[in-house]
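**Q** Read off the chains here:
Protein chains: 2
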Amino acid sequence: MLKLPASLQRLINEFSKLPGIGPKSAQRLAFYLLKKDNVEILSLSDSVKDVRTDITFCSDCHNMAESNPCSVCSDTTRNRQLICVVEEPLDAIALDKTGSYNGLFHVLGGVLNPMEGITADQLNINSLIDRINKLGATEIIIATNPNLEGETTSMHIAKLLRETPVKISRIARGLPMGGDLEYADEVTLQRALEGRREF
Amino acid sequence: MLKLPASLQRLINEFSKLPGIGPKSAQRLAFYLLKKDNVEILSLSDSVKDVRTDITFCSDCHNMAESNPCSVCSDTTRNRQLICVVEEPLDAIALDKTGSYNGLFHVLGGVLNPMEGITADQLNINSLIDRINKLGATEIIIATNPNLEGETTSMHIAKLLRETPVKISRIARGLPMGGDLEYADEVTLQRALEGRREF
Numbered sequence: 001m002l003k004l005p006a007s008l009q010r011l012i013n014e015f016s017k018l019p020g021i022g023p024k025s026a027q028r029l030a031f032y033l034l035k036k037d038n039v040e041i042l043s044l045s046d047s048v049k050d051v052r053t054d055i056t057f058c059s060d061c062h063n064m065a066e067s068n069p070c071s072v073c074s075d076t077t078r079n080r081q082l083i084c085v086v087e088e089p090l091d092a093i094a095l096d097k098t099g100s101y102n103g104l105f106h107v108l109g110g111v112l113n114p115m116e117g118i119t120a121d122q123l124n125i126n127s128l129i130d131r132i133n134k135l136g137a138t139e140i141i142i143a144t145n146p147n148l149e150g151e152t153t154s155m156h157i158a159k160l161l162r163e164t165p166v167k168i169s170r171i172a173r174g175l176p177m178g179g180d181l182e183y184a185d186e187v188t189l190q191r192a193l194e195g196r197r198e199f
Numbered sequence: 001m002l003k004l005p006a007s008l009q010r011l012i013n014e015f016s017k018l019p020g021i022g023p024k025s026a027q028r029l030a031f032y033l034l035k036k037d038n039v040e041i042l043s044l045s046d047s048v049k050d051v052r053t054d055i056t057f058c059s060d061c062h063n064m065a066e067s068n069p070c071s072v073c074s075d076t077t078r079n080r081q082l083i084c085v086v087e088e089p090l091d092a093i094a095l096d097k098t099g100s101y102n103g104l105f106h107v108l109g110g111v112l113n114p115m116e117g118i119t120a121d122q123l124n125i126n127s128l129i130d131r132i133n134k135l136g137a138t139e140i141i142i143a144t145n146p147n148l149e150g151e152t153t154s155m156h157i158a159k160l161l162r163e164t165p166v167k168i169s170r171i172a173r174g175l176p177m178g179g180d181l182e183y184a185d186e187v188t189l190q191r192a193l194e195g196r197r198e199f
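As given, the protein sequences belong to chains A and H, one line each in that order. The numbers in this note's numbering rise by one with no breaks, and the one at position 189 of the first sequence is 189. The numbers in this note's numbering rise by one with no breaks, and the one at position 105 of the second sequence is 105.
Isolated chain A (complex conformation):
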């Protein structure tokens, strides 16, 4: 039976392991690389190998960073009484990109998920409380994702902080800009109604 050369088949197998890449996409990627010159192939190979080289974690906010403390935590022009709690580093980057947030971040490193055995102890929740006390934070914005796990996590944190004087808010849920009311799901519409604001 006709088979692909072993080195090519191996690369296809490796690509297939990546999330969202099926056997056909893996084949396409491998054949694409095959046609590229050695410089490009080595560039991809090296950047895979070195992916962790520059990465450290900020011991204050637990965000992925190149230095410890990270550029946000060491930035004295930011509002250090305001902390935005996010699930993952990319969430912090997305919020920071908007340009309309000038406080600090706190990366939980995941969400509560009893099905996958992820409990509050595995998230950076205790260090959040320590930080609030240390910084004398006045407001916490909980920006976990608007899904079951995100909502559960956000409620858990809100409950823990209820006794403290710190103001706790949750980012708004509603229709996304450019969204279509007709196609929005019921929960989104419900949240959009609940969260309505006066003109």
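Keep in mind that the hints are not guaranteed to be accurate.
Heads up, the list lumps identical chains together, so a pair's fine if it works in one copy or across two of them.
[Said to hold, decoys possible] Under the rule of at most 35 Å between Cα atoms (straight-line distance), these lysine-lysine pairs were calculated in the DSBU-like manner:
id : residue 1 : residue 2
1  : Lys17     : Lys3
2  : Lys134    : Lys3
3  : Lys97     : Lys167
4  : Lys134    : Lys17
5  : Lys97     : Lys159
6  : Lys97     : Lys134
7  : Lys17     : Lys36
8  : Lys167    : Lys134
9  : Lys24     : Lys36
10 : Lys159    : Lys36
11 : Lys49     : Lys167
12 : Lys3      : Lys159
13 : Lys36     : Lys134
14 : Lys167    : Lys3
15 : Lys159    : Lys24
16 : Lys159    : Lys35
17 : Lys167    : Lys17
18 : Lys134    : Lys49
Please keep in mind that the hints were generated in silico from the structure rather than gathered at the bench.
Following the hints, complete the assembly by docking chain H onto the known chain A.
**A** Okay, now just chain H, sitting in the frame of chain A:
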């Protein structure tokens, strides 16, 4: 502004260059790798680097192979008077997998495409004619893809071989198995009608 560590951003950029992978998918892939252990990361990195190691091309059929001549061309149990002409190595593998083809293959290495400057000289067409003469082939099955370029290439080859005694056929075009007549396009239906066979 909050940014991703340089090594991670570099990997995201490299992944984004691959076909069908946008910036968001590239991010997802890079973060996925970040969570993997070093063995898995090195395994991907090495297989990218070594993708060409075992690959050579068969000087008879121009297929990608581990040896020259390839396993098909050196297999004496195959029908050496029957040659199936395909565009790319994967096409040959797909046809061979069916188990219902026992002849040789000939890989063109592409299709005629004047828009992209690919002319007959750049395809393995001359060597096909040499092979037909050398092997004394009796039938050529043209199995280029059923699209504009594939049809053009197939007609070009058929025209070249018209003067020779060799029998030339083209794989059938029609409705794919499991396909839906209602949703089939007009050209496919037209080809299915033209290619009808008696019970």
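**Q** At most 35 Å between alpha carbons: which applies to Lys159 and Lys35, within, between, both or neither?
**A** Between copies, since 30 Å is at most 35 Å while 56 Å is not.
**Q** What label fits Lys24 with Lys36 when the C-alpha limit is 35 Å: within, between, both, or neither?
**A** This pair counts as both: shortest intra-copy Cα distance 19 Å, inter-copy 23 Å.
**Q** Is the C-alpha distance from Lys167 to Lys134 at most 35 Å within one copy, between copies, in both cases, or in neither?
**A** So Lys167 and Lys134 pass the 35 Å test inside one copy only (16 Å; across, 86 Å).
**Q** State whether the alpha carbon distance between Lys49 and Lys167 is at most 35 Å within one copy, between copies, both, or neither.
**A** Neither way: Lys49 and Lys167 sit 44 Å apart in one copy and 53 Å across, limit 35 Å.
**Q** Can you give me the call for Lys3 and Lys159, within, between, both or neither, at a CA distance of at most 35 Å?
**A** Result: close only across copies, 32 Å inter versus 59 Å intra.
**Q** How do Lys134 and Lys3 come out at 35 Å by Cα distance, when the copy is not named: within, between, both, or neither?
**A** between (63 Å within a copy, 25 Å between copies)
**Q** I want to check one pair: Lys159 and Lys36. Are their C-alpha atoms no more than 35 Å apart within a copy, between two copies, both, or neither?
**A** So Lys159 and Lys36 pass the 35 Å test across copies only (34 Å; inside, 55 Å).
**Q** With 35 Å as the alpha-carbon cut-off, assign the pair Lys167 and Lys3 to within, between, both or neither.
**A** Answer is between: at 28 Å across copies they meet the 35 Å cutoff, but 64 Å inside does not.
**Q** Classify it for me, Lys97 with Lys134: is the Cα-Cα distance of at most 35 Å met within a copy, between copies, both or neither?
**A** Result: close within a single copy only, 27 Å intra versus 66 Å inter.
**Q** How do Lys134 and Lys49 come out at 35 Å by Cα distance, when the copy is not named: within, between, both, or neither?
**A** neither (38 Å within a copy, 49 Å between copies)
**Q** How would you classify Lys167 and Lys17 at a CA-CA limit of 35 Å: within, between, both, or neither?
**A** Classified as neither: same-chain Cα gap 44 Å, cross-chain 44 Å, threshold 35 Å.
**Q** At most 35 Å between alpha carbons: which applies to Lys97 and Lys159, within, between, both or neither?
**A** within (29 Å within a copy, 60 Å between copies)
Violated hints, in rising order: 4, 11, 17, 18; the structure is consistent with all others.
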